[in-house]
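*Asks:* Chains as they are written, first to last, in our numbering: chain U, 1 to 337; chain E, 1001 to 1337; chain W, 2001 to 2337; chain B, 3001 to 3337.
One or more hints might be untrue.
Once the Cα atoms are required to be at most 30 Å apart in a straight line, the calculated DSS-like pairs of lysine-lysine come out as [what the hints assert, rightly or not]:
hint, chain 1, residue 1, chain 2, residue 2
1, U, K60, E, K1321
2, B, K3093, B, K3070
3, W, K2123, E, K1067
4, U, K328, W, K2060
5, U, K67, B, K3060
6, E, K1067, W, K2060
7, B, K3060, U, K70
8, E, K1060, W, K2123
9, U, K328, W, K2123
Bear in mind the hints are in silico, worked out from the structure with no lab data behind them.
Chain residues, written in single-letter form:
There are 4 protein chains.
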Amino acid sequence: MLVVMQSDATPEQVARVIDSIRQIDLTPHSLPGPTRTAIAITGNTGAVDARVLEVLPGVKECIRVTKPYKLASREMHRDDTVVKLPQAEVGPKTFTVIAGPCSVENEAMVFRSAEFLLSRGVKLMRAGAFKPRTSPYAFQGMGVEGLAILKRVREKTGIGIVTELMDTEYAAAVEEAADVIQIGTRNMQNFSLLKRVGRCRRPVLLKRGMSATLEEWLMAAEYVMAGGNYQVMLCERGVRTFADHSRNTLDLSVIPPAKALSHLPVFVDPSHGTGKRAYVPAMALAGLAAGADGLLIETHPDPERALSDGAQSLDFPGTEKLLDQLRKLAAVLGRTM
Amino acid sequence: MLVVMQSDATPEQVARVIDSIRQIDLTPHSLPGPTRTAIAITGNTGAVDARVLEVLPGVKECIRVTKPYKLASREMHRDDTVVKLPQAEVGPKTFTVIAGPCSVENEAMVFRSAEFLLSRGVKLMRAGAFKPRTSPYAFQGMGVEGLAILKRVREKTGIGIVTELMDTEYAAAVEEAADVIQIGTRNMQNFSLLKRVGRCRRPVLLKRGMSATLEEWLMAAEYVMAGGNYQVMLCERGVRTFADHSRNTLDLSVIPPAKALSHLPVFVDPSHGTGKRAYVPAMALAGLAAGADGLLIETHPDPERALSDGAQSLDFPGTEKLLDQLRKLAAVLGRTM
Amino acid sequence: MLVVMQSDATPEQVARVIDSIRQIDLTPHSLPGPTRTAIAITGNTGAVDARVLEVLPGVKECIRVTKPYKLASREMHRDDTVVKLPQAEVGPKTFTVIAGPCSVENEAMVFRSAEFLLSRGVKLMRAGAFKPRTSPYAFQGMGVEGLAILKRVREKTGIGIVTELMDTEYAAAVEEAADVIQIGTRNMQNFSLLKRVGRCRRPVLLKRGMSATLEEWLMAAEYVMAGGNYQVMLCERGVRTFADHSRNTLDLSVIPPAKALSHLPVFVDPSHGTGKRAYVPAMALAGLAAGADGLLIETHPDPERALSDGAQSLDFPGTEKLLDQLRKLAAVLGRTM
Amino acid sequence: MLVVMQSDATPEQVARVIDSIRQIDLTPHSLPGPTRTAIAITGNTGAVDARVLEVLPGVKECIRVTKPYKLASREMHRDDTVVKLPQAEVGPKTFTVIAGPCSVENEAMVFRSAEFLLSRGVKLMRAGAFKPRTSPYAFQGMGVEGLAILKRVREKTGIGIVTELMDTEYAAAVEEAADVIQIGTRNMQNFSLLKRVGRCRRPVLLKRGMSATLEEWLMAAEYVMAGGNYQVMLCERGVRTFADHSRNTLDLSVIPPAKALSHLPVFVDPSHGTGKRAYVPAMALAGLAAGADGLLIETHPDPERALSDGAQSLDFPGTEKLLDQLRKLAAVLGRTM
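Starting from the given sequences, assemble the full structure and let the hints guide the process.
*Replies:* What follows is the structure in structure tokens.
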């Protein structure tokens, strides 16, 4: 961290800042310049609130130099993280598709979806038993009954299960049913939940919050990792902007910097990102081309009758067509799928 | 809801939309026009996903006409809600200041804060025992020990306590210690938590999410109210925009439409909204002038040594000066404080 | 347009709205419903300010049903527009790369850039003679002298020139030097300039404004087209959001809806969109995969010594590598380049 | 400016950065630290593109320490700027209301508006002869004929005229008709126009761009001031965010930092900021309380028949009521109006 003094700061003001830095157990380094003094700070500044120093008399501004995340940072861990699931390996050189219905509606449709996906080479299925809905009057998911369905379908078919955990109360139950625990966008900064899944033995798919900066997203991953669970996968799913041409603004531009700053795999969810079926294939292909490690796609045997998010779900022929296109593109880009 | 057909939609396509509306137990009303047909829908459309119809062949777009919230809506409840606390009454004609430290740091400082506030006519104190922090390495609050401190200070001084609940696990404990349960901005769409406080007997102060639309905010209030707890107070605390001149963009412009669409009281938190002490008084006065029902302000006996958010906390003389200004302004605006 | 009345609107209020609609020479169609009345409006509503009706007593809201743009709309012009330049044809089935330095710095570097690009199959070169710079103290471009350089380089090499016009004063001069006239993001709603280029005989590359909705962007295109110049190409170059991981947020998600709503070609500028050289190739490939018709890329013979935007410019080897990757991807996607 | 090297940067990489800084005629100051080296830069860094250094090998990031604007900065000019108009003085201790119709529609209504305003103590009238409209099919203003009307009304009544200039072509004509030249939000970065009004002898009211940061806004003022016209007044009029509860998001939170960083007066336009008449008074009062130096308000003798922006215009009784409330509030806040 660097404290920049005002050009007319007095020596007493500089001394006071230096003193304040020492009081919080950090080391100040005074750097007098031609027009003003700056004070560099070393030590563990990750948890320091820069504004504490910024309000001292004579201070112009405080500038954070090092990143506040460690475990999620590529500086600490040069090689890409590979997440090893029983059904697949997520990481560099591969491209992993996770598909399936928005929510578990009944056993037949989940089973049918799993069989379809496996027959097309997709080994991981998404399906929500707990559904975060904006309206209290909307379908909230089948809950524990939905988890039981997922377990049975996994046993019968061998498909890997990706499903959302919404509160600490059901952490153990979801951990038992899931191969990957999904944390939804509205819970990206539900710190109690992040701490809880930090103690789970399943990989975590961490969706980006609707208005989360890349740093906040990586800090959320840091919460999970600080608890001992290093198997974190990031998932971009659209952010909140002024734009109104789609449900959210799918931010593919975050992929290259996320891969540069962190070693964690990055997924893209074009279904939530666009909110419209017709836009999903183009954004899925673009996600692959942008360097994502995988996709999360909503597929439904009968989208027009889906209990939730039918408008953004592909049907089976649409999914099949997209998978073909993805495979061709992946081959050119040197990725196996 | 209104379904607008494309100008070249066939009668068969119109018939199919009408059929689909009936299948979800709603009533279609066909409205043929000179260039295209529109279909109005009546019935309980609150939980209908417009996009289900929007993807049918021949449909141009679906337009929601009625609001999806009911209990929070002024259409359903013309008069302003008055929240009656043992220490104060929140609602029209009054202006309620809630002040206090960001977090409970120790009993002495909480007690000192309470005494100062009561001596200046402030009857409600904010102070967090559980702190949502972006970094897992930052001070996370004193937890249940902090709640015990708050209870003792309330017993000794009679001050009303406003404190944050972060997860369902501690709901009963917070309910016991608090006169008002605060739901933080990161939890505005933590639906499990909203449902839980819907069963609490304490009023809820619901902070707006960082990128929540007014409708989403009122839907979050609806979650609490649908559980039977009608004592909800909204709190604007700054939203996430492109602007970088302050920590968040305090959105005072939401106050008039919030008051128009809903009967719930609206608070403003200029401390989090600006993130800088120097900007807090101007925004506090502006919040009052804009029609807010109260303020949530961070005050600390020694801001430069605060464990969290010191940079945005007023000291006691600064708080006193602001209270004086607020009282003068409130008098002119016909509000008692 | 549809006017939705409040549930308790009186017949007199409904009559007054109907009267107001007639006064602005439009046709009202009353649609009484079970809980409220709606009034559909037909006629040329493109220029009507919905809010004029919205403030009448008893009105709940006004909803715009038809789009305000006509010439830019795919409803009016089903087939994709093909822009025919002397050097290339922009449109479906092709993928057009426009590359070159941010600004004209001297004749040698422009000539060297043109020769390099032509040798690699790139037939259109971008280079600015007039530069919009945030700071009045930054290099503002070589102006008319820069245009003269561009003309000479075009004569010598045959490369097509894409260059920016910043004000009406230089419209004729730019028209003479350019094969494509670029309108920059800060001028997307400089309506005097849009009207002026509507009278030019050169195609226009219209960059999206930093916070322009898709509708506003198409309305800006409509300004140019309403003047008689139908050769408009859109260019996404990053929008302004809360995100801070790159210079702007390159919004690839706008491509599918832009292609759905309009028949105009869409380009992507990953150089301005990301602001960092390292992120350009991934976003360029993603733009192609997302369905764009072409790219605008900054290439410089010596980026570290560029007078502007060097940090986001590729060097020649980097450009060559990217062109190879684009060609491979284009082939798979059925596009010629 | 400060260049922060990566922790594993080599001495050669540090040397190259130092060399690059010298090549752009600035002075490097190497600051070796325990984990990494930083290099401070002195000299005129205002026009330096930080990214040029940021892309050099071994560089982690570049941090700008000093502000790029000088003339608009309070560091250079401690005292508040007072803009002296024939009719009024804008600056500290006063509160200046500019009101009037959105556009000049005919001489009678402009004259009537001027008489009304003067009778209520408002000495400056806004009215547009040139109107920037999103649609090419909407009323574009009366143009030079409108300017002639404004001149005649000024002669007859003595009211001060505030009117918009949209392009350099009409600069002289607007300068002759206006006491204050308004630059609209869409032209905040129309640099040709800013340079032109820098040569005008009239004060300039500079509206904030829809997605302009405070720094960009002050840089736009710097363009005008760098041309020799120091009489610049800033005007906040709502920015573009995700929020949909009003036409724009009126950002009152920018007022305190704008006043802290700059000595220029700051106005607020609650009419464009909210887009709805019902929300204007609350936001006008809040603007005053937040520390603005004045307001820009749309008032119309018959808003329901206005040719533009009628929905956000107050009628005369509404204006009168608001002026009364503003006067009472101003008195309490120590401002004369």
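*Asks:* Can you confirm whether the C-alpha distance between K3093/B and K3070/B stays at or below 30 Å?
*Replies:* Status holds; Cα separation ~25 Å.
*Asks:* What's the verdict on K328/U and K2060/W, does the C-alpha distance respect the 30 Å limit or exceed it?
*Replies:* violated, 52 Å
*Asks:* What's the verdict on K328/U and K2123/W, does the C-alpha distance respect the 30 Å limit or exceed it?
*Replies:* Status holds; Cα separation ~28 Å.
*Asks:* Taken at face value, is the distance from the CA of K2123/W to the CA of K1060/E at most 30 Å?
*Replies:* Violated, at about 40 Å.
*Asks:* Taking 30 Å as the top limit, are the C-alpha atoms of K3060/B and K70/U close enough?
*Replies:* Answer holds: K3060/B to K70/U is near 16 Å, not above 30 Å.
*Asks:* Next pair to validate is K2123/W with K1067/E; report whether the Cα-Cα distance is within 30 Å.
*Replies:* violated, 54 Å
*Asks:* Measure nothing beyond the straight line between the CA atoms of K60/U and K1321/E; if it is 30 Å or shorter, mark the hint as holding.
*Replies:* holds, 25 Å
*Asks:* Hint check: K67/U vs K3060/B, CA-CA at most 30 Å. Holds or violated?
*Replies:* holds, 11 Å
*Asks:* Given the hint that K1067/E pairs with K2060/W, test it: the Cα-Cα distance must not exceed 30 Å.
*Replies:* holds, 11 Å
Checked against the numbered hints above, the structure violates hints 3, 4 and 8; every other hint is satisfied.
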